[in-house]
Amino acid sequence: MNPADLTAITHREQEARGRHRCRVLCCSSTACLASGGGAAKDGLTRAVKLHGLEKNVQIVNTGCMGLCSLGPMMRLEAQGEPDTLYQRMTADSAHQVVDEQLVPYFQPGHTPTEAESEVGAHDFPHLRASLSQVRLGRGLDEHLLPQDMPFFTRQKKIVLARAGLIDPERIEDYIAHGGYTALAKALTQLTPEQVCAEIQASGLRGRGGAGYPTGLKWNHVRKADGPRKFVIANGDEGDPGAYMDRTLMEADPHSILEGMIIAGYAVGAQHGYLYVRGEYPVAVKRLEKAIRSAYRQGLLGDDIFGTAFSFEVDIRIGAGAFVCGEETALMASVEGQRGTPRMRPPYPAQNGLWNAPTLINNVETYGNITAILNEGAAWFAGIGTEKSKGTKIFALTGKLNHTGLIEVPMGITLREIVFEIGGGIPGGRQFKAAQTGGPSGGCIPAEHLDTPVDYESLKALGSIMGSGGLVVMDDASSMPDVAKFFMEFCVDESCGKCVPCRVGTVQMHRLLEKVTAGQGQAADLQKLENLCRLVQRTSLCGLGQSAPNPVLSTLRYFRHEYDALVANGR
Amino acid sequence: MPPSTPSKAEAHAEHPSGDPRFKMVDRTIKKFNGERDALLEVLNTAQEVFGYLSEDLMIYVSQQLHVPLARVFGVATFYHMFTFKPLGEHTCIVCLGTACYVKQSNEIMAALEQEFGLKAGQTTADGKLSISSARCLGSCGLAPVLVVDGQVVGRETPGGAIQRARTLAGKDVAEVAA
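Protein sequence lines, in the order shown, are assigned to chains C and Y.
Quick note: the first sequence uses the numbering used here, first residue 2, plus one each step.
Quick note: the second sequence uses the numbering used here, first residue 144, plus one each step.
Isolated chain C (complex conformation) (with noise of 0.2 angstroms):
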């Protein structure tokens, strides 16, 4: 393989695009399978069988179309139209889509465009009918998704751009949407140092929650001394309610593959693994899909791109433990032990993997170092605000009319996620908050809804930007309920490894317990905040550290419904 390959397949795959005049893309994503996408597309493939039309339309299984709550989702790409976008598909809708809008769209005889006539009604082997002027039958409109709701038109993507665009189990499709034209790049045109730098120019922070200058992580892995290092790409999503990395890994595997590889050489690493949790089995296949056809191509292996740089990738799959999500952690147990955490310093970066170097970042952040590399850093930098550039991931769930995955631009408020992306509170409710980082995180009420989203606004605010679950709260939703909630997963969660939080967590339990039942005194809530403060600061790892913020966010902002419980027991 070498760079010129790359513009062949591209090539290949828009000639083969330009055969089939028509795609229509089916969200194959694990939301939009079990709302039904299945029958839908088994739907749409018998109509368009039953019309002959298999030439010319292609089916392709795409990663996820971004608005969960209104799958099955299909988009329609026709040779010029606008695409158009299908919500709740069904078998019956998806044979409409066929009867009603490419059987027409593909018949001749239809009154030519302007531009058609000029060139003469001949050469149009099939006169195209404009779909917007096909006149839809009853229900099939009510499938049709306006592509202008500010659910889409808020949303900035980076990261997620061939999301939904793309077939995730086929290499030629991503390459042909531009893919791996970053590793060309990095590999013939700049040095190790210059693609750190250029990572470190674009303000890149991890996002994995912490927030850590990615660019600054690389540079102390590149300098740091050893006959070996590793590459990790932490897929261990663990904080319910979130479910970025598993979108992201379901969607687009190559691009986190290809910010991996380049991490590799900016670095000198040899050797990459991608720890993925087991409760993520299509991610885990579409990944070891997506390893094998890059070895095929010689994307991995020896000499990639001609070059004397080598790089081999591993997948490692977790067995179900939130804690493996802390860097030293999921460390121990790639090496296939106990997930447990160790004390740092020593940083991985300095002692890792087998006491190696290791790079360690969250598999999103990886998603950004191929539009960093082909755009420009200063491109990067100027989008977001001052200390947190690009944009986020959120999965963005609970009390709303509009749930799913969005990215969007670092600075924008809370308010516009949530009133404008999310379509509001249903049922006529109110908003009461927003829980950003999970158990690790906090909630950040109505009064502070115009905070913009950036790592030290929400940290601010006793929350967390998190690794990026947005799970909206409504007035029904009791707070030490909610709090009490993520203090039980931590119970379940905490290694055990050190005393504070293996104690403090079921302690603070507990007492969470006592105070929602209506048992709980005023000396309760005294005793719950010291045990926070304790437990925050004497814990070993982040588990520890942060499993109090649910508590001390609530208290903080809601401490008169533990009033309220304290005093008359409800």
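Errors might be hidden in some of the hints.
Unchecked claim - Calculated from the model, a selection of chain Y residues having no Cβ within reach of chain C, i.e. all distances over 10 angstroms:
id: 1; residue: MET167
id: 2; residue: LYS173
id: 3; residue: GLY194
id: 4; residue: SER197
id: 5; residue: LEU212
id: 6; residue: LEU230
id: 7; residue: THR234
id: 8; residue: ALA253
id: 9; residue: GLU258
id: 10; residue: LYS262
id: 11; residue: GLY270
id: 12; residue: PRO301
id: 13; residue: ILE305
id: 14; residue: GLN306
id: 15; residue: THR310
What the hints assert, rightly or not - Lysine to aspartate or glutamate pairs mimicking EDC-like chemistry, simulated, CA-CA at most 20 angstroms apart:
id: 16; chain 1: Y; residue 1: LYS262; chain 2: C; residue 2: GLU489
id: 17; chain 1: Y; residue 1: LYS173; chain 2: C; residue 2: GLU289
id: 18; chain 1: C; residue 1: LYS158; chain 2: C; residue 2: GLU376
id: 19; chain 1: Y; residue 1: LYS271; chain 2: Y; residue 2: GLU232
id: 20; chain 1: Y; residue 1: LYS174; chain 2: C; residue 2: ASP315
id: 21; chain 1: Y; residue 1: LYS174; chain 2: C; residue 2: GLU336
id: 22; chain 1: Y; residue 1: LYS174; chain 2: C; residue 2: GLU289
id: 23; chain 1: Y; residue 1: LYS173; chain 2: C; residue 2: GLU336
id: 24; chain 1: C; residue 1: LYS286; chain 2: Y; residue 2: GLU184
id: 25; chain 1: C; residue 1: LYS290; chain 2: Y; residue 2: GLU184
Just so you know, the hints here were simulated from the structure itself, not pulled from any lab data.
Beta carbons are placed, not taken as given, at the ideal position from N, Cα and C, and that holds for glycine.
Use these hints to put chain Y onto chain C, whose structure you have.
Frame of chain C, contents of chain Y only:
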């Protein structure tokens, strides 16, 4: 997950134990060149093909990988996805992640527990149905979510869940519950 059926080639060269499923475990061990670091991968395979980790199975893994049994046991008990008792013929997992919790998935769990007289993680006496909970299955857009025999079911209600579980469990359990 049901035990996978071995391919013809594997059945041909029979495993000394007489149980072809061990061949699958061996295959993973071989894939990683028998390295001890592959313990988690080997246990993942073992759990997948046998459905649970019996003591004998853990002893087998310990001997094949030359890893102390204590370490095998230590690793196996650390991770939530390993189970040490056989699961029921059918499984029903209720997601208790944040998004599902906010949409009252705990009521679904309570309804199922009451209906079958079980606690999460238990199996009916006739081995037909296991009920368990999970912390987020990553299908939050469809909350509340169930996973019934590996199939994700979204926007479930307590009544709907009971209906599904009853069908799975067959009438035996329904009678017991009645």
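Okay, the hints, checked on the actual structure:
No beta-carbon of chain C is positioned within 10 angstroms of the beta-carbon of Y:MET167; the least distance is around 15 angstroms. The claim that Y:LYS173 is not at the interface with chain C holds, since no C-beta of that chain comes within 10 angstroms of its own (minimum 15 angstroms). Non-interface call for Y:GLY194 relative to chain C: holds, since the shortest CB-CB distance, roughly 15 angstroms, exceeds 10 angstroms. Distance to chain C confirms Y:SER197 as a non-interface residue, since its nearest Cβ pair spans about 17 angstroms, more than 10 angstroms.
Against the 10 angstroms criterion, Y:LEU212 stays outside the reach of chain C, whose nearest CB is about 15 angstroms from its own CB. The Cβ of Y:LEU230 lies farther than 10 angstroms from every Cβ of chain C, with a closest approach of about 15 angstroms, so its non-interface assignment holds. With a least beta-carbon separation of about 14 angstroms from chain C, Y:THR234 lies farther than 10 angstroms from that chain, consistent with its non-interface assignment. Non-interface call for Y:ALA253 relative to chain C: holds, since the shortest CB-CB distance, roughly 14 angstroms, exceeds 10 angstroms.
Under the 10 angstroms C-beta cut-off, the non-interface status given to Y:GLU258 relative to chain C holds; the minimum distance is some 23 angstroms. Look at Y:LYS262: its CB is around 15 angstroms from the nearest CB on chain C, clear of 10 angstroms, so calling it non-interface holds up. Y:GLY270, annotated as away from the interface, keeps every beta carbon of chain C farther than 10 angstroms; the closest lies near 23 angstroms. No beta-carbon of chain C is positioned within 10 angstroms of the beta-carbon of Y:PRO301; the least distance is around 17 angstroms.
Under the 10 angstroms C-beta cut-off, the non-interface status given to Y:ILE305 relative to chain C holds; the minimum distance is some 19 angstroms. With a least beta-carbon separation of about 17 angstroms from chain C, Y:GLN306 lies farther than 10 angstroms from that chain, consistent with its non-interface assignment. Listed as a non-interface residue, Y:THR310 keeps its Cβ farther than 10 angstroms from every Cβ of chain C; the least gap is roughly 18 angstroms. Only pairs whose Cα atoms come within 20 angstroms are accepted, and Y:LYS262 paired with C:GLU489 is accepted, the gap being roughly 17 angstroms.
With a C-alpha separation of about 18 angstroms, the suggested pair Y:LYS173 and C:GLU289 falls inside the 20 angstroms cut-off, and the hint holds. For the suggested pair C:LYS158 and C:GLU376, the alpha carbons sit about 14 angstroms apart, so the restraint of at most 20 angstroms is met. For the suggested pair Y:LYS271 and Y:GLU232, the alpha carbons sit about 5 angstroms apart, so the restraint of at most 20 angstroms is met. In summary, the hint linking Y:LYS174 to C:ASP315 is supported, as the alpha carbons are separated by about 12 angstroms, within the 20 angstroms threshold.
Distance hint between Y:LYS174 and C:GLU336 is fulfilled; the C-alpha atoms sit about 16 angstroms from each other, no more than 20 angstroms. Between the alpha carbons of Y:LYS174 and C:GLU289 the distance comes to roughly 14 angstroms, so the proposed pair stays at or under 20 angstroms and holds. Restraint check for Y:LYS173 and C:GLU336: satisfied, since their Cα atoms lie roughly 17 angstroms apart, inside the 20 angstroms limit. Between C:LYS286 and Y:GLU184 the alpha-carbon distance is near 15 angstroms, which keeps this suggested pair within the 20 angstroms criterion.
For the hint linking C:LYS290 to Y:GLU184, the alpha-carbon distance of about 18 angstroms falls within 20 angstroms, and the restraint holds.
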